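Undergrad: Combine both chains into one complex, guided by the hints.
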Amino acid sequence: MGQQIVNGLFLGSIYALFALGYTLVFGVLDILNLAHQAVFMICAYAALVLVVHLHMPIFAALPVAVLAGGLLGMVVDRIAFRPLRGRSDSNIAGLISSIALATILEAAVLQFFGPDVERFPFGTVPTRSIQIGGAVVSELQIVIIAIAVAMLLGLTWLLRRTRLGRRIRAVAESPKAARVLGVDVDRIISASFFVSSALGAAAGVLFGLAFNNVAPDMGRSVELKGLAVIVLGGMGSMPGAALAGVALGLLEVFTVAWIGSSYRDAVAFGVLFLVLVLRPRGLLGPAALREA
Amino acid sequence: MSLESLQDLWLTYQSTVAFIGLNGLLALSVYTTLSCGQLSLAQAAFMAIGAYASAILTFHSGLPFAVNLAAATLLPALVAVPLGLPVLRLKGVFLAIATIGFGEVVRIFFVNLDYTNGALGLTAVPQRTSIWMIYAALSAALFVLWRIRGSRAGYALEAIREDEPAARTMGIHAARYKLAMLALGASFAGLAGALEAHYTYMVSPSTYSFTRVVDMLVYAVVGGTSVFYGPVVGATFLTALPEILREISARVGLAPGPLRLFVNGAVLLLVILFLPEGISSLPRRVRAWLRSRREAHAA
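Those sequence lines, one after another, are chains S and G.
Take 1 as the starting number for the first sequence in our numbering and just add one per residue.
Take 293 as the starting number for the second sequence in our numbering and just add one per residue.
Here chain G stands alone, though its shape is the one from the complex (with noise of 0.2 Å):
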């Protein structure tokens, strides 16, 4: 292969390589969460108060990109707190349906917010992302998630998924862990807006709606949320293949659009409905398969 058409192939590509990185970083926005047992269904207001602090900041200040990113990584685990303290006591389906009340109520505080331009919300963002810095952000998240695996904060917030009154017993601060992994996740979330926001040049209501965050959910869920690095296997895997069904609903005849969201559910309901551990899974399974068949054929 020539230079020549690797520089083509990357021209084509870089997006769809700058958005799994984006999504990977969702996703594992999402898992944070999940990983103490808590479905927060709120990230998508993160990402949008992440995505509108970074952009004000570069309209109005003359400060540099990073400190702007930094200030869209604090700011949505400082609103975390103050929302998870009475939110966190719910469980389950309840902790769900509130985060998505929360999240639905920002959306449309931006959609009516004169200052960011409303419904339209802000154009013509400089663009000052370049994917190495959406995959060092990635790379942070996955650090800090490996950090915490195995520590005891790691072993806390097992314990705490697998039965909270049990770990409440054994003296772990379940509320305390519960918050620190929304702002954690909120966090993530936040930077993965505004490095969005910068990335494609606009922020606007509409991205950060419901759908948005069925979406993390669906990559954490398919990846896999048993081990850290399931999620951004989830979102490489789901974002890259409607780029590869794009060649095939042009052979089959199909519209790309529907095509897609069909192969999405299909494949979120038999990743539910066989491989509950996710697609991450997958190695891990083979290898216990052949060993089995090796062992009856020795038998």
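Looking at chain S on its own, in the form it has when it is part of the complex (with noise of 0.2 Å):
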């Protein structure tokens, strides 16, 4: 039980870190990235090049890779977001360009390292475990949890306390007024998606150590894992991603410990399902949804 329980967290917080950018553009943007799932996978790969071939401790990596993420978040709102904004059907659109870079990203991808897994070279993470209670816990799930916990408290301070967090949010509500007001919206959109893109990009970085496996299609399953937790959650809500995230982590443990491994899947999708009809604006989301 304890063991699940950890084993869930460590997992959940995975899916908090990647559905929080998710859920940090679509609150911005009312458009949902679906190359989020690109830089995630992308990312992941920059770390490994860094660890293989410049031989970086992976501590030094991470940071590396996550800035790149988010330069790269902001190449993708250049050419698949900005161009799109004030067209009438944008939001369709902005879907489908995203899939495209996506596209294009995997592509470079299989080009330069082909379809096979690659993995970290032994010794680049602690492998050694402890004993908690009645649980085995690896210094790797304890670095996890603990990083993604700190990028959490870090984006709440940045939303919450800072001038830029102040803008985003404040685009999030209207960017028309907020314009007005006087501050630059493709700025601050830009930003949001180097925000969310760093996010997204830690994810695949620590999914790539916990399941030692960077692969160019590792992005698929978890971007698809990624919209059940935001719905989940409810669409926009910062809280409600993360709270969603551990929420999906746990119940696909508990699936797997109670039901079996093959039906690990239809619960994450079951519970969006059943989310969306009975309750669109999840568990947090705000009370009247424009969309839904």
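To be clear, the hints were calculated from the coordinates, so they are not data collected in a lab.
It is possible that some hints are incorrect.
[What the hints assert, rightly or not] DMTMM-like cross-link-like pairs, simulated, lysine to aspartate or glutamate; straight-line CA separation at most 25 Å: (1) Lys383(G) x Asp89(S); (2) Lys383(G) x Asp30(S); (3) Lys176(S) x Glu454(G); (4) Lys176(S) x Asp89(S).
As the structure is a computational prediction, the values presented were derived from the model and not from experiment.
TA: This is the structure we're talking about:
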């Protein structure tokens, strides 16, 4: 039982990190960025290259990959979203242009690395484990949960206490009003993409370390899980996404333990489906959702 | 060109021709729901239902193939109605996400279904599909959509797409139309699934993943969704493209897989940014451009 909870928290914290980036952009733009999973995947590769070829320790490689992910996010915004802003079909068009960009990025990775799974060299991460109560916890799990929690707190601080955070929230509330008040909306959106993709990048690196598995299609399943998480948490709600990420992680681990591993993925989408039909605003979503 | 070389050419490219037809039908199934402004991404699930239904009937009943195809066309539509009743209240991105959820649940259901061999799926499905059947199905679908356009229902759909509250105010029963189009799109997908299963000899859950729906959507968008034949143009172009690219990739020295993926992504991006009405709007655009040039000359 205790073991399952630890495993669930561990998986859930990665889902939460990924989904936070997703929901941040949705909150600001009302658009799903389906290239988020490509950033997630590419940054796992970036960390891998830094560790394997430049022999950097993983604790130096992680921030570099996160920074690269943030910059890549700004590029995604520039190419796939900014040109469409103001078009009447920008909602579905943005969905499609981000799929297009994700495809291009995936093609690039396939060309350079091939379709096979790559692994971090042995000894990249601590391999010892310790006993807490009845559960065996590896140091890696502790580190990953700690990083996830730290980034979560950092994000909360950024959004609540800083000038940039206030502006991001203003644009999310109403781009028009924010513009009238002198906010450079395009720059704030760009900054939101940076933050969002940096979180996605961190999730990618941690996912790659956690399962020691870096592959061109690693983002696909996480992308769909991420959708389930942000819907469950309430579209655009940060605390909701964090909570729902952890909830999904726990739910999946307990499904595997009690029902069987083959139904693990069905749980996420069954929950997603039920939430959308029964309570479209999710756990912590705003009361009146314009779109649902 | 001699008769033999023509025959060789046909043998080399007949599967491409078949897949152009199948992908065209699938693109139409996405277009059908899109034509009243609804993005449903459950099409792969409907396709799976049609494929499994027809394969199971072929294995376990002595019914003629035409009956199996009819069942594969009807069953997804019957599933679409109870799905659509709650789900179509959602709009835009939310509808898309809900239908993705449904699609994944259906796929995982088939992965876990022992009766159909789980994740391996059914193999050695008898080959019953001929290419003419695929094109007959495609023509029938096009005919239906052509008849809808310009009819009372066609105008109603257009009104719903442009402004649903306004359409409802005009007395258009929006929910009923949306449900009907979802069911029609589902039956196109089911028929395509059945035809594909009996063409490729197999039914396997991995064929009906989210990636497959994205492909369908890409065909429809690249072709253009402002006219009913646009999705078929897109499917034709993007299905034939890999054949051309195979030649090119050998010469450039790039692996064909990544190159295909890259070109698909790049084409999609360029179309959505610069040709929002798809490549089927190209002739119209070129004509308009020529006319404006002529007028500029005359003036």
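Undergrad: Each of the hints needs a verdict: does it hold here or not?
TA: These are the hints, each one checked on the structure:
no. : hint                  : result
1   : Lys383(G) x Asp89(S)  : holds, 13 Å
2   : Lys383(G) x Asp30(S)  : holds, 13 Å
3   : Lys176(S) x Glu454(G) : holds, 23 Å
4   : Lys176(S) x Asp89(S)  : holds, 18 Å
Consistency note: the structure conflicts with none of the earlier hints.
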